[in-house]
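A.B. asks: Assemble the complex: chain A is given as a structure, and chain B must be docked to it using the hints.
Taken in sequence, the protein lines are chains A and B. The first sequence begins at 1 in the working numbering and counts up one residue at a time. The second sequence begins at 1 in the working numbering and counts up one residue at a time.
None of these hints come from the bench; they were simulated from the model. Where a beta carbon is used, it is the ideal one built from N, C-alpha and C, also for glycine. Do not rely on the hints blindly, as some may be mistaken.
[To be verified] Result set (DSSO-like, lysine-lysine): computed pairs, CA atoms no more than 27 Å apart in a straight line: (1) A/K398 / B/K149; (2) A/K224 / B/K467; (3) B/K353 / A/K218; (4) B/K353 / A/K64; (5) B/K20 / A/K218; (6) B/K149 / A/K384; (7) A/K384 / B/K473; (8) B/K473 / A/K218; (9) B/K25 / A/K218; (10) B/K29 / A/K135; (11) A/K371 / B/K138; (12) A/K64 / B/K473; (13) B/K33 / A/K124; (14) B/K532 / A/K224; (15) B/K473 / A/K124; (16) B/K149 / A/K371; (17) B/K151 / A/K64; (18) A/K224 / B/K530; (19) B/K29 / A/K124.
[Stated by the list, open to error] One-sided excerpt, in silico: chain B residues whose CB lies under 10 Å from chain A: (20) D48; (21) E113; (22) K136; (23) R139; (24) Y191; (25) T221.
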Amino acid sequence: MAMLRHTPAEITVDRTALTINPAKTCQPVGAMYAALGIHGCMPHSHGSQGCCAYHRSALTRHYKEPVTAATSSFTEGSSVFGGQANLLTAIQNIFSVYEPEVVAVHTTCLSETIGDDMTQIVEKARSEGKVPAGKHVIYCNTPSYVGSHVTGYSNMVQGMVKNLAKSSGAKNGKVNVIPGFCEPSDMAEIKRLAKLMGADVTMFPDTSGVMDAPLTGKYEMFPKGGATVEEIMSSGDAVGTIALGQWATAAPAKYLDAEFKVPCEIMGLPFGIEDTDAYIMALSKMSGKPVPASIDFERGQVVDVLSDYSQYFYGKRVALAGDPDQIIGLTKFLVELDMVPAYIVSGTPGNKLEKAIREITKDVPAEVKFKCPGDMFLLHQWIKQEPVDLLIGNSYMKYIARDEDIPLIRHGFPIVDRFGHSMFPTVGYKGALRLMEKILDALLTRRDRDASETEFELVY
Amino acid sequence: MDAPITDKVAPAIDPEEVKKELLAKYPPKVGRKRSQQIFIKENEGPEDREVLSNVRTVPGIVTMRGCTYAGCKGVILGPTRDIVNITHGPIGCGFYSWLTRRNQTDASAPGAENYIPYAFSTDMQDEDIIFGGEKKLKRAIQEAYDLFKPKAIAIFSTCPVGLIGDDVHAVAREMKALLGINIFGFSCEGYKGVSQSAGHHIANNKIFTEVIGTSDTPNRTGKYNINMLGEYNIGGDAFEIERILDKCGITVNATFSGNSTYNDFASAQMADLSCVMCHRSINYVADMMETKYGIPWIKVNFIGAHATAKSLRRIAAHFGDPELIAKVEEVIAEEMPLVEEALAKIKPRTTGKTAMLFVGGSRAHHYQELFAELGMTTLAAGYEFAHRDDYEGRHVIPTIKIDADSRNIEELHVEADPERYSPRMSEEDMKAREAAGWKYKEYEGLVPDMAPKTMIIDDLNQYEADKLIEMYKPDIFCAGIKEKYSVQKMGVPLKQLHSYDYGGPYAGFRGAVNYYKDIDRMVNTKVWSKVKAPWAADGPELTACYVAG
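Just chain A, with the same shape it has in the complex:
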């Protein structure tokens, strides 16, 4: 009996109002995740406490790590009279009880709808002495009825530079790297590549060391990792900014450019060979450092494996659901592997994504179906019409995988039923190797399972 037994193959209802099985979630969870990438930061959700509970639970289930965040705990009164009193109390309580370096406030659909003015409330908190000396409150607007969790991430990173970045008038020789919505393992890999390059980078946000912290016998509410407030402040003095992911990072990078004359290069998250090459080139250009042999070595390994296994990738059809920056990077990589990204949906609204996907897939010798904003119900209907060889998406895709008997590679947010995503990167050359390993494992395990005794092979 099918788990998704009510999903028909034929598309008979033109849905304009009902989203079924969304391929996105709301802004504040992205803002909360970005805020955790600042060292000593307490994220704060300005709204009713359910939002905060849901976002903490979602992030905790994904990372299996503590996710501490405070809430304004609105009740009916605050919804009618405004949330100023709640936020002022909250700021004072957070600093006295938890002693963070910075409180990062994001709004919710509730506080946005009643029109709470963050600038004014936070200014009031400062002027009333509720923010201790040397401590900070930053904020951003994250109405849940605009964009998606990716937009929320972008808005919080924008909040970091708007509230903290400064310019001393002199360049500090460093390069800002702003990673998009990706795993702590990916952030660590992006940093490792910069280190191999010998480039002096400031990366923010940086959830590595925070969302993959060790078990030590002591609970650190603020683990050692994360970008420091000082680092983010100095981003205005950098020689340039590399922004990895249009959707999640372009806005803060452009802000630094416009405000402090820090030139920026906005590119894709470094999935696969071509986009990692582009990241390395940008690092080299901005830092003035030549590319070392160790990077040539890593890159060459990826090309080598691809040449060894090309026949198993070639022409295989894949269905993908996820976030724009991730989808773009993955689609590009699948095309590099000669695979066919047959069906793609993303819940994050905006028409730029379709253009990007069409450009990437223009030479793919097969039809590529795309919908944005689209949902997993539609993706499943397409799969029922003509199956694919592989699914790539978050844990919610496992229901489609089970019903249609198609292997699934878990990628994106949230992954709640497996680990690895926060420990092993999928970006950079190392990440490309890992993705290739996962894809081959899935395809060849299926082949082994389905092969007759006469066809069963030992060597691939």
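C.D. replies: Frame of chain A, contents of chain B only:
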């Protein structure tokens, strides 16, 4: 096996000192409020002191609580498999309540509907917030109907829906008339109450007014028909309870709301007895079922082998049929050896260990039975969203002050149904039984069952949890997903009692055995002994001296 558990051990630390320490860091106003929510048990049995509860969470204090929508859609309606549940609002709420509460269901019957793996949302955009979302909601209902032709559609309001004034009830009425299926809405905006509890109440009220009593043909029927109220089938608990009851010859007409179907609710008025598991989430439904249909109710607890035996005997005693009473004894005698065999192996490995429980509205009470069976002591317990009666017992209900937040939640005025009211017991019979010590409509609360010197804390927060663990170093801590990993970073295993850490069932006899095994593993696994590396500073000092040869 029905004997009360008497070997409770009082903790060695002075709880007054702990309380002082918990409060020390708070600003004065916060400290004053929290001090009324922290209660130290002084004597055995019930106590005549008030536990401040069901009051607002302090802004900025990292709380374990969720919201009204979570209680309504996530907890109560989530487990029903054949209702299309549409969240009206931006995408987040619908997304987060999608498959995160382990609502196991058995939809294996041919043609059975099962919408649990689907998330339906109107995914409101800014133009819907500005111009109103009612039209989009109507279209969404029509689209859901065209696609699935379900028996019923429920609509859940999220925060912004309440603010912009979308009338989900009017939309529901209009679409019900148009489509001819039952469509009903819930005003369960997240900000409506101080915790999930408000959402449970809103959900149950609506099921009571819109669904219960609309069908006279239950899916199952037998000689002894009961409803199981406040059981949500996490990890398959309801399946195990039903297995045992079936074996005894007792028929479960409806479980509210684990593994439930629309028709189970619709014909729930046909049962002869309501059995209440989670008192907090559903006590008012039990009362309303009695007033409207004449169904008496008793409190039961199927968490723990002793508790299960006791509850079975209580149900059998209510029906009073010697044949049933004998059958129940036979089932207990048959099931207990399995439990005793498991305990004989495991209890020596768990005896003397300590636990803390901070979950839900009844679980922090019920699970102490299982720990007691394992020879473990509960040092502290409390609830996320309880009201005073859950701590102090139902006798305090008339004295609970109605504040502004409680006033938001509709109290239904219920009268006897002119057609369907049929008292299962005469008033004299009920009075006579009560005089003989039978307990109907009774729940004594958590406080009487706690040992002297234990701590009872309402709405525990992150800071206090850290302090409690630091000071008491319990062998196991029970809470939810948000608390799990901060506790485990301290080297203390955390048992999730909302999701069971994806184990279970823990109810009934087989469930008790599962729990014993899981707790044994959690408190005895080698992982906690590996927290400190051999070269760590507080380990034995490593010295080496190489002498050149």
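A.B. asks: Does each hint fit the structure? Answer for all of them.
C.D. replies: A quick look at each hint next to the structure:
{"no.": "1", "hint": "A/K398 / B/K149", "result": "holds, 25 Å"}
{"no.": "2", "hint": "A/K224 / B/K467", "result": "holds, 21 Å"}
{"no.": "3", "hint": "B/K353 / A/K218", "result": "holds, 21 Å"}
{"no.": "4", "hint": "B/K353 / A/K64", "result": "holds, 26 Å"}
{"no.": "5", "hint": "B/K20 / A/K218", "result": "holds, 22 Å"}
{"no.": "6", "hint": "B/K149 / A/K384", "result": "holds, 21 Å"}
{"no.": "7", "hint": "A/K384 / B/K473", "result": "violated, 54 Å"}
{"no.": "8", "hint": "B/K473 / A/K218", "result": "holds, 12 Å"}
{"no.": "9", "hint": "B/K25 / A/K218", "result": "holds, 19 Å"}
{"no.": "10", "hint": "B/K29 / A/K135", "result": "holds, 23 Å"}
{"no.": "11", "hint": "A/K371 / B/K138", "result": "holds, 24 Å"}
{"no.": "12", "hint": "A/K64 / B/K473", "result": "holds, 22 Å"}
{"no.": "13", "hint": "B/K33 / A/K124", "result": "holds, 25 Å"}
{"no.": "14", "hint": "B/K532 / A/K224", "result": "holds, 18 Å"}
{"no.": "15", "hint": "B/K473 / A/K124", "result": "violated, 41 Å"}
{"no.": "16", "hint": "B/K149 / A/K371", "result": "holds, 26 Å"}
{"no.": "17", "hint": "B/K151 / A/K64", "result": "violated, 38 Å"}
{"no.": "18", "hint": "A/K224 / B/K530", "result": "holds, 21 Å"}
{"no.": "19", "hint": "B/K29 / A/K124", "result": "holds, 20 Å"}
{"no.": "20", "hint": "D48", "result": "violated, 30 Å"}
{"no.": "21", "hint": "E113", "result": "holds, 7 Å"}
{"no.": "22", "hint": "K136", "result": "holds, 5 Å"}
{"no.": "23", "hint": "R139", "result": "holds, 4 Å"}
{"no.": "24", "hint": "Y191", "result": "holds, 4 Å"}
{"no.": "25", "hint": "T221", "result": "violated, 26 Å"}
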